[in-house]
Amino acid sequence: MSAGNLTRRKIYDRASRVVFLLATLLGVAALGILLYRILSDGLGWLDWQFISSFASRFPEKAGILSALFGSLWIIGITAPVAFILGIGTALYLEEYAKKGWFTNLIQVNINNLAGVPSIVFGILGLGLFVEGFLFGRTILSGALTMALLVLPIIVVASQEAIRSVPQHLRNASYALGASKWQTIRGVVIPAAFPSILTGFILALSRAIGETAPLIVVGAVTFIAFVPSSPLDQFTVLPIQIYSWTSKPQDEFRAIAAAGIIVLLIVLFTLNATAVYLRNKYQKRY
Amino acid sequence: MSIIEVRDLNLYYGQHQALHNINMEIEANSITAFIGPSGCGKSTFLRTLNRMNDMIQGVRIDGSVKVVGEDIYESRVDVEILRKNIGMVFQQPNPFPKSIYENITFGPRLHGITDRNKLDEIVESSLKAAALWGEVKDVLKKPAYGLSGGQQQRLCIARALAVNPQILLMDEPTSALDPISTAKIEELLDELKTTYTIVIVTHNMQQAARISDKTAFFLNGELVEFDSTPVIFQNPCDKRTEDYITGRFG
Ligand SMILES: Nc1ncnc2c1ncn2[C@@H]1O[C@H](COP(=O)(O)OP(=O)(O)O)[C@@H](O)[C@H]1O
Ligand SMILES: [Mg+2]
Chain X
605 MSAGNLTRRK IYDRASRVVF LLATLLGVAA LGILLYRILS DGLGWLDWQF
655 ISSFASRFPE KAGILSALFG SLWIIGITAP VAFILGIGTA LYLEEYAKKG
705 WFTNLIQVNI NNLAGVPSIV FGILGLGLFV EGFLFGRTIL SGALTMALLV
755 LPIIVVASQE AIRSVPQHLR NASYALGASK WQTIRGVVIP AAFPSILTGF
805 ILALSRAIGE TAPLIVVGAV TFIAFVPSSP LDQFTVLPIQ IYSWTSKPQD
855 EFRAIAAAGI IVLLIVLFTL NATAVYLRNK YQKRY
Chain W
2 MSIIEVRDLN LYYGQHQALH NINMEIEANS ITAFIGPSGC GKSTFLRTLN
52 RMNDMIQGVR IDGSVKVVGE DIYESRVDVE ILRKNIGMVF QQPNPFPKSI
102 YENITFGPRL HGITDRNKLD EIVESSLKAA ALWGEVKDVL KKPAYGLSGG
152 QQQRLCIARA LAVNPQILLM DEPTSALDPI STAKIEELLD ELKTTYTIVI
202 VTHNMQQAAR ISDKTAFFLN GELVEFDSTP VIFQNPCDKR TEDYITGRFG
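Protein chains in written order, with this note's numbering: chain X, 605 to 889; chain W, 2 to 251.
Here chain X stands alone, though its shape is the one from the complex (with noise of 0.2 Å):
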């Protein structure tokens, strides 16, 4: 080998390094600037009076109170729905399912459904939940259509978690006599929640983030009251972000700002929770 190609070689080498390097604090960066400018836009509106308040139209006045309550509500609904059928869903597909050609055509099915735009789920709901069940412009109806969002992303997060669980653990707990559903309950279930858990959390982040088809099952964005049960109408922490940057006054852009600091306090809560819940199960044995 020529010395030149050596030389070359180190240079590549070198090059790349730099490279990469750049692209990583290219992110980095961007999202430092965002976080600074959301920070120092936003940080002198968030306080309490904006967190007690209504929606207004006079920005000293504005607060995020019912967007707040209504994110918190579709969570709360949305969450224990998915993770349910989730979950369940998955397990029937890993571990009682034959693999045959219906298992494959609804194992085809669940894939392309997590990569189907959010807006169609809307018209999903819309269809289903606001006129099929006659749920109105509710909680319900936005609820379970996100639940209907997150669930192929939860199955399908759920499936690998479960089938990453080693065989002889199964075949452990066969060998003393267990059935079939006490092998999933007491060895399956607990060495994939881990992974099932991180999976969840991920899809709720995305939930809480979403406007497109809660727009379209018909959330509002002038809501002035605290939403009491699942079948009053609501809105949520984006939609209300959203209207008000489009407001024509400078200073809602910065309670925009504000708003958005609520927004990623809540998911950093929620994605706490979920890497403390994690380890906490991964520490128990």
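No lab work stands behind these hints: they were computed from the structure. Small disclaimer: the values here were computed from a predicted structure and weren't measured. Yeah, the Cβ is synthetic: ideal placement off N, Cα and C, and Gly gets one too. Be careful, since some hints might not be right.
SDA-like, lysine to any residue: derived pairs with alpha carbons at most 20 Å apart [what the hints assert, rightly or not]:
(1) Lys884/X / Tyr102/W
(2) Lys784/X / Ile73/W
(3) Lys784/X / Asp55/W
Chain X is nowhere near these chain W residues, computed Cβ spacing over 10 Å in every case [claimed, not checked]:
(4) Arg8
(5) Asp9
(6) Asn30
(7) Lys67
(8) Ile114
(9) Ala130
(10) Ser149
(11) Lys185
(12) Glu187
(13) Leu193
(14) Asn205
(15) Met206
(16) Ser229
(17) Cys238
(18) Ile246
Pair ranges (Cβ atoms, derived) [to be verified]:
(19) Leu625/X / Gln93/W: 36 to 46 Å
(20) Leu625/X / Val80/W: 53 to 63 Å
(21) Met56/W / Leu709/X: 19 to 29 Å
(22) Val78/W / Leu881/X: 37 to 47 Å
(23) Gln886/X / Glu75/W: 41 to 51 Å
(24) His17/W / Tyr696/X: 26 to 36 Å
(25) Arg8/W / Asn883/X: 53 to 63 Å
(26) Val78/W / Trp705/X: 25 to 35 Å
(27) Thr247/W / Asn609/X: 53 to 63 Å
(28) Thr115/W / Phe737/X: 38 to 48 Å
(29) Phe737/X / Gln16/W: 44 to 54 Å
Position chain W with the ligands against the provided structure of chain X, taking the given hints into account.
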């Protein structure tokens, strides 16, 4: 009296016949070793004795396997009770990702024991029977994965004993272990045979010669010869057995 009686047993994986017309009687409170080259059907045969083959798709069986006089392939047999009665220890130690304590109590809980004192008692007696109590009695709540390979395998033996089986099936239980751990388990088996009937697959002929009362030699899915261990190793009837134990193939 023989506790296991196998008559004219054939087993097929789909089209492939893995066991050919096996006949065997296994005595209670003895150690029976299965030897033979890899792929000859030792594990397959062992799994027919507690119906672990049920789990594999496409397996078909004919002939009969009687345990304590009852044909275990009859439809009225409760497989869960059968497996409780016939414990199994696998080649790779496979403790659950739980604490040592929970590993032992997993089986008893399956079968309805929830009383705390009773479970404590079972944990102690099973670990003692598996010669592990002294090493782990202060760390029962610690993860089983923290134990060494040899300790994990003895934990798996203790876990199997915790449901109070009559028979213990072991599929190359020491092949993943170092010589010291292996010696400990061999010593243990000699004690266990006073209470349990042990059937052990081993790839190690010296091990079979050291620990077993009777030895079965398998080849290509057939039971070539089954006799008391000294006869098999010193005076086999079949030419193929002699060739195998003298190391001419395998
Ligand atoms: N799950 C299975 N599916 C299909 N064939 C199998 C399976 N397990 C084992 N076999 C086949 O059955 C024969 C006996 O295998 P095995 O019982 O594992 O032998 P041994 O334990 O003596 O090494 C081999 O030919 C093997 O390929
Ligand atoms: Mg084998």
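Legend entry - Least C-beta distance from Leu193/W to chain X larger than 10 Å: holds, 17 Å
Inset, instruction - Determine whether the Cβ-Cβ distance between Gln886/X and Glu75/W falls within the hinted range of 41 to 51 Å. - result: holds, 44 Å
Inset, instruction - Look at the Cβ atoms of Leu625/X and Val80/W and judge whether their distance stays inside 53 to 63 Å. - result: holds, 59 Å
Legend entry - Ala130/W and chain X, when compared Cβ to Cβ, separated by more than 10 Å: holds, 16 Å
Inset, instruction - For the range 25 to 35 Å, tell me whether the beta carbons of Val78/W and Trp705/X fit it or not. - result: holds, 34 Å
Inset, instruction - With respect to the beta-carbon atoms only, verify the hint that Met56/W and Leu709/X lie 19 to 29 Å apart. - result: Given range 19 to 29 Å: holds, Cβ gap about 26 Å.
Inset, instruction - Take a quick look at whether Lys784/X and Ile73/W sit within 20 Å of each other, Cα to Cα. - result: holds, 19 Å
Legend entry - Status of Met206/W, Cβ more than 10 Å from any chain X Cβ: Fine: 26 Å to the nearest Cβ keeps Met206/W off the interface.
Inset, instruction - Look at the Cβ atoms of Val78/W and Leu881/X and judge whether their distance stays inside 37 to 47 Å. - result: 42 Å Cβ-Cβ, so the 37 to 47 Å window holds.
Legend entry - Cys238/W remote from chain X - nearest C-beta pair above 10 Å: holds, 34 Å
Inset, instruction - Mind verifying the non-interface call on Lys185/W? Its CB should be farther than 10 Å from each CB in chain X. - result: Its Cβ never comes within 10 Å of chain X, the nearest being 21 Å, so this holds.
Legend entry - Non-interface claim for Ser229/W versus chain X (Cβ beyond 10 Å): At roughly 29 Å from the nearest Cβ of chain X, Ser229/W sits farther out than 10 Å, so the non-interface label holds.
When each numbered hint is compared with the structure, no violation occurs for any of them.
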